[in-house]
Amino acid sequence: METFIAIYIFMLAAFTGLEVISKVPAILHTPLMSGSNFIHGVVLVGAIIALGMAETNLEKTIGFFGVFLASGNAVGGYVVTERMLEMFKSKKENE
Amino acid sequence: MSSVETIIQSIYVVAAVLFIVGLKRMSSPTTARTGIIWAGIGMLMATIATFFYPGVENFVLIAVAILLGTVIAGYTAKKVGMTEMPEMIALYNGMGGGAAAAIAAVELFKDHHLSISVATLALIGGIIGSISFTGSLIAFGKLQGMIKGTFRFKGQHQINLVLLLGSVVLSALVVAGFDADATLVIMVFVIALILGIAMTMPIGGGDMAVIISLYNALTGLAVGFEGYVLQNYSMIIAGTVVGAAGTLLTQLMAKAMNKTLISVLFPFGETAQVSGGEAEGEMKPIEAGDAGIMMAFAQKVIIIPGYGMAVAQAQQKVWELSQLLIGKGVDVKFAIHPVAGRMPGHMNVLLAEAGVPYELIFDEDEINQEFKSCDVALVIGANDVVNPIARTDPSSEIYGMPILNADYASNVIVVKRGQGTGFSGIENVLFFLDNTRMLYGDGQAVATDLVNSIKEL
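Quick mapping for you: the protein sequence lines, in order, are chains A and B. At position 92 of the first sequence (counting the first as 1) the number is 1491 in our numbering, and the numbers step up by one without a gap. At position 413 of the second sequence (counting the first as 1) the number is 454 in our numbering, and the numbers step up by one without a gap.
Heads up, some of the hints might be wrong.
Unchecked claim - Capping the alpha-carbon separation at 27 Å, the derived lysine-lysine pairs in DSS-like fashion look like this:
no., chain 1, residue 1, chain 2, residue 2
1, B, LYS195, B, LYS369
2, B, LYS300, B, LYS195
3, B, LYS341, B, LYS374
4, B, LYS496, B, LYS325
5, B, LYS120, A, LYS1459
6, B, LYS65, B, LYS296
7, A, LYS1422, B, LYS374
8, B, LYS189, B, LYS325
9, B, LYS65, B, LYS151
10, B, LYS296, A, LYS1422
11, B, LYS413, B, LYS374
12, B, LYS300, A, LYS1422
13, B, LYS341, B, LYS496
14, B, LYS120, B, LYS189
15, A, LYS1422, B, LYS65
Keep in mind that the hints were calculated from the coordinates and are not lab data.
Use the sequences and the hints to build the structure in full.
The structure is reproduced here in structure tokens:
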């Protein structure tokens, strides 16, 4: 049954993803790509669990690499997106 | 479920909601800025909660890894210029793909028996994550100029197909339990990592935006699959949402460039096809002084920026030039093609950074009618997006792509470094028209000359 719940979640999440960005203007394509890049940085959660439960040195090494990469994804993705979107703010304030 | 677990799971639910609402807000210009903050709060909550996850140890290792990743990525992300954003997105996206692959590897190496569905999804997510990892790094290298040119040879796609099938067959053997000492798992990952490189090498610089967007969607998918492996619903939801949204975004981008995803992924021929190349006439140069006078006494000037402006960091000077012209009563507008630059929206971001107000910037369909009534179209660092051949020559690679009708303007001034062709390698007919003048030089230097010449008037 777990498997079917997961399939339903996959399905509903996929529709959500399509719906959420269906009306995005072209000027937001790059910031949105960057923003979604940040959101899959949630892989950090998984990487922490994987490293946190690793036992052998091999597992720990790969897990360490995973956490390092995942935090790079999350932090880099956030900063870059924030910097890009910052410009939309200054524009509004100039008006 | 213990009470700690209940709290952690509740936090994951809130985080998932924040991700989706954040993404939704990022898809509208007025709310975009708060969107990333909402998503950021969600991420912070989920990350902190995970430290209390039952069974998680190795805290020192985790902390050191996070610190390293945060410092390196945070520093580079703050330091890079706006022109380099596309490749930074590629880099951070690749890191996410690599992390998903690492999770898969750890789970598969572990000495416990994974169920068939878990092992299958771990492997699929691992393969996709690995492809996204090396593929994104190659894309990063190409946009940075570290890797030059395209590497195409006959039978390339067949070899890639064999690699893909190889990794699938080996994965099937792993799932079926033929893998006593994890050799097969290692082979699956090695093949997938190679495939990511092999897939990306033949793709040209002009198509990188589409490919980065595709890898972004793939990383999302890989994260979703690894979420299933770890029974972590926040990963499943966030990953799948990004996978779906990213796929749609990839299609929108490809469509804006008049390409299909297939044609981007499987470029055929050993080099880019160049057709309809022979343009008649010759390019006629102009001096900055004359060009300045031409614009200063015009009624209406439309500026068309492209990647060349970004490379030359000329956006500030271009805006200074525009302000001078506006001061002289000239009607100045900016026309942005959907794929100008290396990524949709790239030019908007740069112009916004330079301080150009929103209401002076127009999309292709908003402004294309106005070129007929425009005295001067100033093309600065753009090429393929103003090539009239897209309207006229069915044999051309870019035939049918919507273009900015710069050629309809009374006068066209093209600022360009040299006489070469654009990204696509297609000769630009616009440069040879009677009403076109070429203003050679680096975008920033030329814009400075134009500013000075107008100031002297």
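Worksheet entry | Enumerated hints in conflict with the structure, sorted upward | Result: hints 1, 5, 8 and 9 break, sorted rising.
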